[in-house]
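So the sequence lines, in the order shown, correspond to chains U and R. When you line the first sequence up against the numbering used here, it's residues 1 to 244, in that order. When you line the second sequence up against the numbering used here, it's residues 1 to 312, in that order.
In silico lysine-lysine, DSSO-like type, Cα no more than 27 Å apart, as pairs:
hint: 1; chain 1: R; residue 1: Lys106; chain 2: R; residue 2: Lys152
hint: 2; chain 1: U; residue 1: Lys9; chain 2: R; residue 2: Lys74
hint: 3; chain 1: R; residue 1: Lys135; chain 2: U; residue 2: Lys242
hint: 4; chain 1: R; residue 1: Lys272; chain 2: R; residue 2: Lys289
hint: 5; chain 1: U; residue 1: Lys9; chain 2: R; residue 2: Lys106
hint: 6; chain 1: R; residue 1: Lys6; chain 2: R; residue 2: Lys152
hint: 7; chain 1: R; residue 1: Lys93; chain 2: R; residue 2: Lys103
hint: 8; chain 1: R; residue 1: Lys173; chain 2: R; residue 2: Lys152
hint: 9; chain 1: U; residue 1: Lys242; chain 2: R; residue 2: Lys152
hint: 10; chain 1: U; residue 1: Lys242; chain 2: R; residue 2: Lys74
hint: 11; chain 1: R; residue 1: Lys221; chain 2: R; residue 2: Lys272
hint: 12; chain 1: R; residue 1: Lys74; chain 2: R; residue 2: Lys106
hint: 13; chain 1: U; residue 1: Lys241; chain 2: R; residue 2: Lys6
hint: 14; chain 1: U; residue 1: Lys9; chain 2: R; residue 2: Lys103
hint: 15; chain 1: R; residue 1: Lys301; chain 2: R; residue 2: Lys173
hint: 16; chain 1: R; residue 1: Lys152; chain 2: R; residue 2: Lys74
hint: 17; chain 1: R; residue 1: Lys103; chain 2: R; residue 2: Lys152
hint: 18; chain 1: R; residue 1: Lys272; chain 2: R; residue 2: Lys220
hint: 19; chain 1: U; residue 1: Lys9; chain 2: U; residue 2: Lys242
hint: 20; chain 1: R; residue 1: Lys168; chain 2: R; residue 2: Lys152
hint: 21; chain 1: U; residue 1: Lys212; chain 2: U; residue 2: Lys45
hint: 22; chain 1: U; residue 1: Lys242; chain 2: R; residue 2: Lys93
hint: 23; chain 1: R; residue 1: Lys93; chain 2: U; residue 2: Lys9
hint: 24; chain 1: R; residue 1: Lys103; chain 2: U; residue 2: Lys242
hint: 25; chain 1: R; residue 1: Lys301; chain 2: R; residue 2: Lys168
hint: 26; chain 1: R; residue 1: Lys93; chain 2: R; residue 2: Lys168
hint: 27; chain 1: U; residue 1: Lys242; chain 2: R; residue 2: Lys6
hint: 28; chain 1: U; residue 1: Lys241; chain 2: R; residue 2: Lys74
hint: 29; chain 1: R; residue 1: Lys168; chain 2: R; residue 2: Lys135
If you're looking for bench data, these hints aren't it; they were derived computationally from the structure. Just so you know, these numbers come straight off a predicted model, no measurement behind them.
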Amino acid sequence: MSPFLAIAKRELDGYFTTPIAYIFIVIYLVLSGLLTFYLGGFYEKEQADLSAFFGFQPWLYLLLVPAVSMRLWAEERQSGSIELLMTLPVTLWQAVLGKFLAAWLFIGLALSLTFPIWITVNYLGSPDNGAILTAYLASFLMAGAFLAIGSCVSAANRNQVVAFIITIALCFILMMAGFPLVLDLLSAWLPASVINAIANLGFLIHFQDLSKGVLELADIAFFVLVIGTWLYATAVVLDLKKAE
Amino acid sequence: MIEVSKLSKNYGEFLAVDALNFQVDQGEVLGFLGPNGAGKTTSMRMLAGFVTPTAGDARIYGHSICNDSLAARKIMGYLPEGAPLYGEMTPLKFLRFIADARKMLKHEQTAAIGSVVDTLQLGSVLQQPIDTLSKGYRRRVGLAQAILHDPKVLILDEPTDGLDPNQKHEVRKLISTMSADRIILVSSHILEEVAAVCSRAIIIAQGRILADSTPQALVKKSEWHNAVTLQFWKNSLSDEEIEARTAIIAGIANVKRAESNTIEQSITAFPKDGAAIIHDVNQLVAMMKWAPEQCRVEIGKLDDVFRAITTQ
Chain U
1 MSPFLAIAKR
11 ELDGYFTTPI
21 AYIFIVIYLV
31 LSGLLTFYLG
41 GFYEKEQADL
51 SAFFGFQPWL
61 YLLLVPAVSM
71 RLWAEERQSG
81 SIELLMTLPV
91 TLWQAVLGKF
101 LAAWLFIGLA
111 LSLTFPIWIT
121 VNYLGSPDNG
131 AILTAYLASF
141 LMAGAFLAIG
151 SCVSAANRNQ
161 VVAFIITIAL
171 CFILMMAGFP
181 LVLDLLSAWL
191 PASVINAIAN
201 LGFLIHFQDL
211 SKGVLELADI
221 AFFVLVIGTW
231 LYATAVVLDL
241 KKAE
Chain R
1 MIEVSKLSKN
11 YGEFLAVDAL
21 NFQVDQGEVL
31 GFLGPNGAGK
41 TTSMRMLAGF
51 VTPTAGDARI
61 YGHSICNDSL
71 AARKIMGYLP
81 EGAPLYGEMT
91 PLKFLRFIAD
101 ARKMLKHEQT
111 AAIGSVVDTL
121 QLGSVLQQPI
131 DTLSKGYRRR
141 VGLAQAILHD
151 PKVLILDEPT
161 DGLDPNQKHE
171 VRKLISTMSA
181 DRIILVSSHI
191 LEEVAAVCSR
201 AIIIAQGRIL
211 ADSTPQALVK
221 KSEWHNAVTL
231 QFWKNSLSDE
241 EIEARTAIIA
251 GIANVKRAES
261 NTIEQSITAF
271 PKDGAAIIHD
281 VNQLVAMMKW
291 APEQCRVEIG
301 KLDDVFRAIT
311 TQ
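Throw the hints in and build the complete structure from the sequences for me.
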């Protein structure tokens, strides 16, 4: 087995030997359901689509993904096990990617467990299943982007609570980057061209296109690039701070 | 063979390790001695590939820890200070993970895990979460992962810290049995340990090597080496008599000085340059017709040497 897979397997195992996995999945599924049916007005819309469901996914991730990502590295640094991991014949990249993959697969599993809602909408009407699949992909990518950010913040902190809060704040800003909420704040000091660039970096804008079922390669590439960049940053931070 | 050349590490202004130079050959057990904060752990972390040196390099069987760290780590087993582990795992799962991460094949894994479990007597706790194990067992799990792949180089940072005397004895026995065909580096601030297991000792303080010798040779540097203590019967002598006899002993040719302890009713004679003075003292005792309860030659205290060297 390659070290990369060994690390991913150990990490994924860790979720299920502690109560983390079960608590996370139950809370995620219950909240997804409540938000879709009560706040989203799934029935009242009388439309055979899952926009009521996917519209709330980014907000759920904003709260729950940092709870998964906060322990990725902070826990290793706190307990000192990072010294054990980094002195195995394992490259930094194998460790960073292995841990990220495990967390991403875990969230992917939680996401896939929302399939009853997909069955429900197919039972009630005839939705565009291609669009739903695209929206699932968008949710998965968005979760991956939040995880990659969380991974980097977790690498920079020993304290999991601090990592959790900073990750939420960072994800919120990046999620809302295309909206007046963030842009108005920045437009006072930054030139218009920079503001434009920042507006294009907003996660929610790219997510909304995809979640409506528009399979745009640029949006997918955006999320892949965000994930790659933050994972690279994770490796850099770890290299600098692992022994502190 | 390990060749360390000008290995240095500073944290900002603070010089943790200052240009270490030494070599270790196969079959040697090298003890790293030093007060807390001397740079022992930082040096070991650099060799193990966890801390990047600020300057200098070390070669582990030819593999540079700076440019070829992965190859160096492959032939090395490392027990970090405090033996950190993944607490939620069981020792069995943990050892399987280490074996996977070290790319051991399935059939090798079974044999290797069986062997270290036997050596370290972990059989009864294999299925319990590591968090629930006693300190002794946790340390042994840490040792098990370090020796799992039968490494040519073994680096153990305070392997017996916090163990009870029986467990310490077991760990030392393990180090001795493993020492023949590999290099073992052990750090400790327990001096008796170094004397017990190491074939060579390096004393470091403030990041510098202050002594590099065998434990036996280090002991000889002690003022107490070959000193002779005369113990008199309880309450047999007055303080004045003790002082008088101390003065007489101090007059022996090879005696540097003599020290009295009126409460213990004993006199200790320290030799010049570690000379053997027991014969002279015996002759004097016979001539003066003193009748001590016992007369003993001191071996020397590594503690004293350590203190003398590290507080210069």
